[in-house]
Amino acid sequence: MRAITYLCTFLITLASCNCQKKVVDSSSIAQKQSSTMKLVYEAYSRGFYKKVTIENKEVFVLNDRNAKESESGIKISDSDWNELTTYFNEVKLDDIATLKDPTQKRFYDGAPIANLKLYANGKGYKTTDFDHGFPPVAIEKLVNKINLFAK
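So for the sequence shown, my numbering puts the first residue at 175; every next one is plus one.
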């Protein structure tokens with residue numbers, strides 16, 4: 175009887191040790207994700223065009239539909255890059271296709287049409303169209319930061 179009690183105690187202890195989950199370093203995941211991320215913000219209307227592409231700590235801005243993308247962009251400082259990756263990591267990528275726009279001025283030419291494309295780990299995510307200057311709340315910080323680089 176004692177042997178069975180010791181055996182059960184040993185098995186329970188062993189099982190509880192195996193149940194502990196491995197702790198993942200979130201900073202290494204964020205760093206890996208930020209190194210593979212690409213952001214493309216595009217806003218347009220009849221007389222307006224802006225495309226901002228951010229990749230590899232560089233910003234590329236186009237203000238003309240017919241212009242070619244340059245091979246060298248504006249370097250982003252480390253503090254701005256860290257802030258941008260923080261905002262990027264706060265976004266739930268699988269949910270951005272269903273975000274609701276807060277305003278609908280684009281339907282009567284009150285605001286240019288805008289959208290955001292995010293690329294991470296070889297996969298692309300695109301928002302529905304929203305008004306330039308009035309992004310959905312879930313991506314507002316990220317879009318505002320992107321637009322700061324384009325000024």
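Keep in mind the hints are simulated off the structure, nothing from the lab. Some hints here could point you the wrong way.
[As the list claims (entries may be wrong)] Below, simulated DSS-like cross-link-like pairs (lysine-lysine); rule was C-alpha separation at most 27 Å, straight line: (1) Lys266 <-> Lys225; (2) Lys212 <-> Lys297; (3) Lys315 <-> Lys231; (4) Lys224 <-> Lys325; (5) Lys279 <-> Lys319; (6) Lys279 <-> Lys315; (7) Lys225 <-> Lys242; (8) Lys242 <-> Lys297; (9) Lys224 <-> Lys279; (10) Lys266 <-> Lys300; (11) Lys231 <-> Lys279; (12) Lys325 <-> Lys300; (13) Lys225 <-> Lys315; (14) Lys231 <-> Lys319; (15) Lys249 <-> Lys319; (16) Lys325 <-> Lys231.
Hint check:
no., hint, in the structure
1, Lys266 <-> Lys225, "23 Å, holds"
2, Lys212 <-> Lys297, "10 Å, holds"
3, Lys315 <-> Lys231, "18 Å, holds"
4, Lys224 <-> Lys325, "11 Å, holds"
5, Lys279 <-> Lys319, "22 Å, holds"
6, Lys279 <-> Lys315, "20 Å, holds"
7, Lys225 <-> Lys242, "11 Å, holds"
8, Lys242 <-> Lys297, "24 Å, holds"
9, Lys224 <-> Lys279, "18 Å, holds"
10, Lys266 <-> Lys300, "12 Å, holds"
11, Lys231 <-> Lys279, "33 Å, violated"
12, Lys325 <-> Lys300, "23 Å, holds"
13, Lys225 <-> Lys315, "18 Å, holds"
14, Lys231 <-> Lys319, "14 Å, holds"
15, Lys249 <-> Lys319, "15 Å, holds"
16, Lys325 <-> Lys231, "17 Å, holds"
When the structure is compared with the earlier hints, a violation turns up for hint 11 alone.
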